[in-house]
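Participant: Chain order of the listed sequences is G and F. Residues in the first sequence are numbered from 1 upward in steps of one, following my numbering. Residues in the second sequence are numbered from 1 upward in steps of one, following my numbering.
Don't take each hint at face value.
[Said to hold, decoys possible] Ranges between beta-carbon positions, derived for each pair: (1) F/G102 <-> G/Q183: 28 to 34 Å; (2) F/E28 <-> G/R272: 20 to 26 Å; (3) F/E31 <-> G/H47: 35 to 41 Å; (4) G/Q183 <-> F/E267: 48 to 54 Å; (5) F/G102 <-> G/D144: 36 to 42 Å; (6) F/A55 <-> G/R272: 35 to 41 Å; (7) F/E28 <-> G/M1: 56 to 62 Å.
It is worth saying that the hints were derived from the structure and are not from the lab. Every residue, glycine too, gets a C-beta built ideally from N, C-alpha and C.
Listed below, chain by chain, are the residues.
Protein chains: 2
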Amino acid sequence: MPRTAFFISDGTGITAESLGRSLLAQFEDVEIRMLTKPYIDTLDKAHSLVAVIEATAVRDGERPIIIDTIVDEEVRAVIREALGFKVDIFSTFLKPLEEELGTHSSYSVGRTHSIGRDDVYMDRIHSVHFALDNDDGARTHQYDKADIILIGVSRCGKTPTSLYLALQFGIRAANYPLTEDDQDEDGTLKLPRVLASHRHKLFGLTIDPRRLAAIRHERRPNSRYSSMDQCMQEVQQAEAMYRQMHIPFIDTTRFSVEEISTRMIAETGLHRRFSPH
Amino acid sequence: MPRTAFFISDGTGITAESLGRSLLAQFEDVEIRMLTKPYIDTLDKAHSLVAVIEATAVRDGERPIIIDTIVDEEVRAVIREALGFKVDIFSTFLKPLEEELGTHSSYSVGRTHSIGRDDVYMDRIHSVHFALDNDDGARTHQYDKADIILIGVSRCGKTPTSLYLALQFGIRAANYPLTEDDQDEDGTLKLPRVLASHRHKLFGLTIDPRRLAAIRHERRPNSRYSSMDQCMQEVQQAEAMYRQMHIPFIDTTRFSVEEISTRMIAETGLHRRFSPH
């Protein structure tokens, strides 16, 4: 029977879940079922959740782990009574921070925050639409407005990465697919002409040809496009060009979209227009 | 002179930053400059960062706040020596969790984790491409494969929300724009026929007409499309239809994309295909 962990918040639950998952990921041997419970912002919801937690404790035969970031004093008091092992992030760290900063936190006076901000909202909308308008080499004339231009072979992860950069950090990321159209007569990939004047903005993606073939296979099964030969050849050409032109690049095979994006930012010093929550 | 906070990690820094921002957001009166330092995964990088932290302490005239999730023991030891006020998330909570779970954490043996997982990667790629293929009513025939279909007037936030649902949770979100084409002769908005058989999947978005006008104005200045009259009329019609057809809806004006998405999931019980980091 696995243990259960509850990530509880009166907001989105993103912070409680993010921290909770990071902490529990350190216990690989223990099977833990993780449940996020956001928007627990009334006494009624808190009482219902306590009932769920206690039923879980009975079923599991072990008390659940409770990781919460509830701000409201009364709601917190209800959850605190639940039968569980509590990791109380805010109250653990806010007291010492209050002393260090010489002031009271709004937490200690029970005020909640909304993470929606006008400027962030507008930056996000613009960045997302910029990424979409400049996806897959669609509108090359906006490259002068791009913060970064991702290049790579078809289905190596350019689109999810450019959208993540837009949503999480407000970065305007264009992307351009490297295809056989950009090859020399002898089969060598050249830097496409439309990118030549933006070389300092280029960032390459590469991928294990086997994974590429698997991804392409789902799109066009048993095609030349998804064949191992074709994938190997395209990836080799792309990597050779990155090296020859000194274009920084990252292998997306081993990394999540979060890792690819944050590594790019760390490597290029890209300016984040805003920060996530 | 503002205080400075460093969010330090040997990974993406997402957890340290997310928690750090949540904690520091509770101190609205204090001006705090926040810097995220991801991928501090060698002794060299750690020593360089310590130099930066100490220079910052001198400049600010106050010791910086250091919030870290470094796993590597030696790297951690270097950062621990820096002049700063430390919020050590992992070591604070892992010890009690080890006792509760009756086992050692990989943290205490210095093992790092990568957040990239094959199944998550594939789910993400598919969900993102699903959102793009089904953006703005483009390919209505995939609605049977959608987990949710967002509806709303043009530029009310459908696209960023559907992409966020795809990237963060692997949810397949289509979206469909409500336009004048879907109005009756008397100007009443009807539920578009292509959506009629998917009513249980519909989720409406609405927005303050003033914000809508501002967003549209940046796209097509001084047009009928961006006029207050037009925006008010479209929003009123959309909301009337949501109410009449009992379609759940959310006002995107006051909320971030994170909040809109997590509220939708909480309200509909949508199944998350994976969880962020």
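Participant: Could you tell me which of the numbered hints above are not met by this structure, giving the numbers in increasing order?
Facilitator: 1, 5, 6, 7
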